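With the hints as a guide, bring the two chains together.
Residue numbers (the numbering used here), protein chains in the order written: chain A, 305 to 649; chain B, 90 to 411.
The set of hints was computed from the structure by calculation and includes no laboratory data.
Each hint should be verified, as a subset may be incorrect.
What the hints assert, rightly or not - In silico DSSO-like cross-links for lysine-lysine, where the CA-CA straight-line distance does not exceed 27 Å:
1) Lys-260(B) with Lys-426(A)
2) Lys-100(B) with Lys-395(B)
3) Lys-363(A) with Lys-260(B)
4) Lys-363(A) with Lys-231(B)
No experiment lies behind these values; they were computed from the predicted model shown.
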Amino acid sequence: MVLTGTQSESITARKLTTAKAMVEAISQEMERDPSIFVMGEDVGSYGGIFSSTAGLLEKFGPQRILDTPISETAFMGLATGAAVEGMRPIVELMFVDFFGVCMDQIYNHMAKIHYESGGNVKVPLVLMTAVGGGYSDGAQHSQCLWGIFAHLPGMKVVVPSNPYDAKGLMISAIRDDNPVIYMFHKGVMGLPWMAKNPHSLGPVPEKPYEVPIGRAAIVRTGNDLTIVTLSMAVHHALDAAEELTKQGIDSEIIDLRSLVPLDREAVLESVAKTGRLLVVDEDYQSFGLTGEITAVVAEKDPRLLKAPVSRLAIPDIPIPYSRTLEYAVLPTAERIVAAAKRVMA
Amino acid sequence: MDNETRLGLYKTMVLSRSFEEAILRDYHADKKPVWDIGAGLIPGEMHLSAGQEPVAAGVCAHLTSDDAISSTHRPHHFAIAHGMDLRLLASEIFGRETGLGKGRGGHMHLFDPTIHFSCSGIVAEGYPSALGVAFAFQRQGKDSVAIAVTGEGGANQGAFHESLNLAALWKLPVVFVIEDNDWAISVPRDASTAIRSNAVRATSYGMRGVRIQDNSVEGVWDAAKTAIEKARAGEGPSLIEVHTVRLWGHFEGDAQAYRNDLDSLIDPIPAYANQLESDGVLSPEMVESIAQDAKSRVEDAFDFAKSSPLPSAAEVERYVFA
Numbered sequence: 305m306v307l308t309g310t311q312s313e314s315i316t317a318r319k320l321t322t323a324k325a326m327v328e329a330i331s332q333e334m335e336r337d338p339s340i341f342v343m344g345e346d347v348g349s350y351g352g353i354f355s356s357t358a359g360l361l362e363k364f365g366p367q368r369i370l371d372t373p374i375s376e377t378a379f380m381g382l383a384t385g386a387a388v389e390g391m392r393p394i395v396e397l398m399f400v401d402f403f404g405v406c407m408d409q410i411y412n413h414m415a416k417i418h419y420e421s422g423g424n425v426k427v428p429l430v431l432m433t434a435v436g437g438g439y440s441d442g443a444q445h446s447q448c449l450w451g452i453f454a455h456l457p458g459m460k461v462v463v464p465s466n467p468y469d470a471k472g473l474m475i476s477a478i479r480d481d482n483p484v485i486y487m488f489h490k491g492v493m494g495l496p497w498m499a500k501n502p503h504s505l506g507p508v509p510e511k512p513y514e515v516p517i518g519r520a521a522i523v524r525t526g527n528d529l530t531i532v533t534l535s536m537a538v539h540h541a542l543d544a545a546e547e548l549t550k551q552g553i554d555s556e557i558i559d560l561r562s563l564v565p566l567d568r569e570a571v572l573e574s575v576a577k578t579g580r581l582l583v584v585d586e587d588y589q590s591f592g593l594t595g596e597i598t599a600v601v602a603e604k605d606p607r608l609l610k611a612p613v614s615r616l617a618i619p620d621i622p623i624p625y626s627r628t629l630e631y632a633v634l635p636t637a638e639r640i641v642a643a644a645k646r647v648m649a
Numbered sequence: 090m091d092n093e094t095r096l097g098l099y100k101t102m103v104l105s106r107s108f109e110e111a112i113l114r115d116y117h118a119d120k121k122p123v124w125d126i127g128a129g130l131i132p133g134e135m136h137l138s139a140g141q142e143p144v145a146a147g148v149c150a151h152l153t154s155d156d157a158i159s160s161t162h163r164p165h166h167f168a169i170a171h172g173m174d175l176r177l178l179a180s181e182i183f184g185r186e187t188g189l190g191k192g193r194g195g196h197m198h199l200f201d202p203t204i205h206f207s208c209s210g211i212v213a214e215g216y217p218s219a220l221g222v223a224f225a226f227q228r229q230g231k232d233s234v235a236i237a238v239t240g241e242g243g244a245n246q247g248a249f250h251e252s253l254n255l256a257a258l259w260k261l262p263v264v265f266v267i268e269d270n271d272w273a274i275s276v277p278r279d280a281s282t283a284i285r286s287n288a289v290r291a292t293s294y295g296m297r298g299v300r301i302q303d304n305s306v307e308g309v310w311d312a313a314k315t316a317i318e319k320a321r322a323g324e325g326p327s328l329i330e331v332h333t334v335r336l337w338g339h340f341e342g343d344a345q346a347y348r349n350d351l352d353s354l355i356d357p358i359p360a361y362a363n364q365l366e367s368d369g370v371l372s373p374e375m376v377e378s379i380a381q382d383a384k385s386r387v388e389d390a391f392d393f394a395k396s397s398p399l400p401s402a403a404e405v406e407r408y409v410f411a
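The shape of chain B in the complex, shown without the other chains (with noise of 0.2 Å):
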């Protein structure tokens, strides 16, 4: 892998996580002295991805923008990485007109045609419509490819399991993404799940499978290559389990008593620093900068938001039908 794709995973997922502790910021600034989850400048439910950052890093970077993503309810990573617009990101996020749903939307709902991207918030359920996207890129002639993105305890799900089956019959152009973050919510995967690895799963689908075990964004980088190389040439679908960390809650005010991992976590990003310094592709004045750079784009998109109008009341029923 060459310096410049190496600085480029560090600089993805820099970007991302810039973003999401401007969220945390902002989503806690007026949330005092009561805790209110619905009241506030980001109003709702809030799943951040910090940690995850290396599945989204290293699938990403071999996509442009006519490939296609399903992401889950927790999607800021794989948008920021798919090149999604910070500034109608974030308006959606703050509810604004200007945003990508026109504040319809929220944070678990961001459709961006110009990229290909959606998410859902219920679990799994993301990944049937990846396959409709792959089929309509099959049937129009193109080679783009669409990614499916759950977590291990969505590996659980019908919808998982059927969509796994239709595109391997198929030979659909999909990717199928799991982020094994140990816990679904607050039940940890070995209570969930019987067996260790998910890439059992795909075999048993007639597609190739593997686990990536450590978190690892060239890791990610190097099996997410071969499967969208082969989902491009049309030889049908792959998995790829990246077993990843969440380092905050499921979502923001989870207080995490059920946690006992909390001490051992490894933050990924200033692990991938560490190792782009050792191997002298990264300086102390880079990481630097770099953390400059993601922050200024990131108060750039919230200064859009904030100052962006919010949607009116009296077209609350637009947009139902086209």
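Isolated chain A (complex conformation) (with noise of 0.2 Å):
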């Protein structure tokens, strides 16, 4: 049975926000383990530019919360070094967008040194980094490029959608012997200097507690249409939802939560029981994240299907930066609901 409760879980009242809920778990873990220490850029006294490490410096001091130079090459190196002699870093790559400047340090050594060494050199650390639009950033700072990240082997890579998962995955990600690309969305982090969300404050129990890597969360249970997606656009599916309900279209809505290991389980269950199929993602459409959803459906048995699978993505462009253009081309409720109408009709 896929349906891993997230925020139902939860019986306590206490809410925070995604932020929050990210440094509680890191924090948590500092507590626990000594040779955890956290690195980047502005991850000091400014606590990270999307709040991802507020108030760590002032409780674990310089020593293991370090401001790195803009050198994300020599530092990515220097986590996976590190974590190869026994600590465990947790790197932030400010804006996913930057991978450019640093990839060769992350997929062809951080991701393959398990492999190469016969799985006798271990890297436990995790990378943490900010995607997604909505806020006008233009092209080079509002990419989701996940699939890149799960299309390369030897990274385990998650993405949480609330509080609630953000916490519990942190902790399993810190916990993991393997690099766990950890992909938190600027839209969910729950920041004032952003426009407010409500799905960015949600319950977050107090004690530790893990996220299993690689099991999705049915967010809503529906018989008609079952919507794959993850992250921000898991809010996007679940108003749409809401909307569809009103035209009398039942949908189910698996938030994905880990890319690597890929739960598809989860998603033949739910098609076996829709038969309908729509992917939604904020990353580009073709090579990547939709294409691979629908391909295992696909390769198990098309027959699970009662209609073609509809695919709703950013088409192949660079982000745009004016606010109607950007809109035009993320995931939104809007453009959801057209979508799953498409899929009925």
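Set out below in structure tokens:
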């Protein structure tokens, strides 16, 4: 059974933003394990541009919370080397869009050493990075790009959509003996300087807990249509589902939460029930997540489908700056409703 | 420098050369009559370090197995000088299950955690991980050091410059080594590098830099002694550039038509033997017995490798994740 509830599991009334949930996870793990340290640009006194490390410097000091120069290649490699020698680094790449200046250290080194060493060397680290658009930051600061990381072997890839999962996945990522790419959407962080998003605040238990890497969550059950998505688009899909219900369409929503490993069973079980599939993604369309999820069904049994699959992703263009243009390509609730109706037609 | 140390440097260089001569023999043995880089008992690209042994021998003489090396696509001399088990090394090169990486790595991807050895096939990209190893040593309260190796071509990579700055900034126990063999594959140094000595670059990043002009193993030994002692004492990184020589091609099969210096190359091993003989440290009989000893160790390793099983294709997916 894939129904691994998120917020529903929690009975606490305490609510945190996603950013605060991440920080709490890191802080609790750092108290438990002295080999953990945090490194990146502006993770110290600033507390992370997206508040992912707020307050950690005050608590753990500059020996464990390290501001780096703008030298991503050097500090990504530093993280790998330190992990090889038994430490457990958490390294922040401020925007995922910056992977281009340091990708060799990521995909050719941190991701491959375990395999190349025949399993003799482990690289336990967390690479956390901000993704996503919706606030007119233009083509170089608004991408998701998780498809690239999930495509390349040797990295686990997790993408929390809410505070509960943000804490549990961070703890799981820190405890994992592999490189884990932890991709948080700026729109779910609960930042005071972005449009208020009700989904960025949610119940989070105080005690440490793990959300298992590789398990999707069914965040809404339904019988007519399966919507597979992740991250910020989960919330757009939930909003869309409200509207679809009014139009007599009962949709089931799967929050993938992990891309590597991918919970294929969750997708297949749901599609076996609904017979219809819409994949929604804030990453680019071609050669990406939407195609991969479609292939999961096509390879298993295309007869599960009563209608052709529909994909809603960023069309293969750079993310535009102007708000009217950007919102024409983001997977908004309105666009999800329209896509869902096409699948049901 | 005492005689025992000098003999030790010589023996290390001979062992490395002996190992690579055996690779040369076996690598080319079954690629005839039609050359196929992917064929034979040793398939794939093969970058040999003959001529560059003084760099590895001179540096590694100051290290123990608690110290780390991050080497390059041309890693054998450093692996051997740092004490890597020759059987495990040979087996990996032959792609066997008994190799360091169980046949998943190959000669450019050698990882031996027992001696903190790694290397990278991407030019200069082994520098950053050496910083991390050094960072861990520092945080763990050890006095171990990390050696980062690249070539003169690699000194023009961004990774090189980022690493020097960060290591100096955080006073990491790293010694950066540049093997200047004059050639970045086919591009000569004067066509790639705007300055004559990379020691200048070290200075500009706030660390001591030296250039050793003559491929002298004793010169390397002296410079490395200072740099490594400094790193162990918590005084931060240094850089050593050695003007060395690439006796053979960039990779096996490289015809080297671009090269105009082949007639003037000096092989550092017989040169050092002559020096030691004239100083009365080495005799012709000793030269012979050292060569024989190296050869028998190498042949033992090669026999072990060749008689070891190949990895099972059914296990190709193992070790992607821990």
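Taking the hints in turn, this is what the structure says about them:
no.	hint	in the structure
1	Lys-260(B) with Lys-426(A)	26 Å, holds
2	Lys-100(B) with Lys-395(B)	25 Å, holds
3	Lys-363(A) with Lys-260(B)	24 Å, holds
4	Lys-363(A) with Lys-231(B)	25 Å, holds
Violated hints: none; the structure is consistent with every hint.
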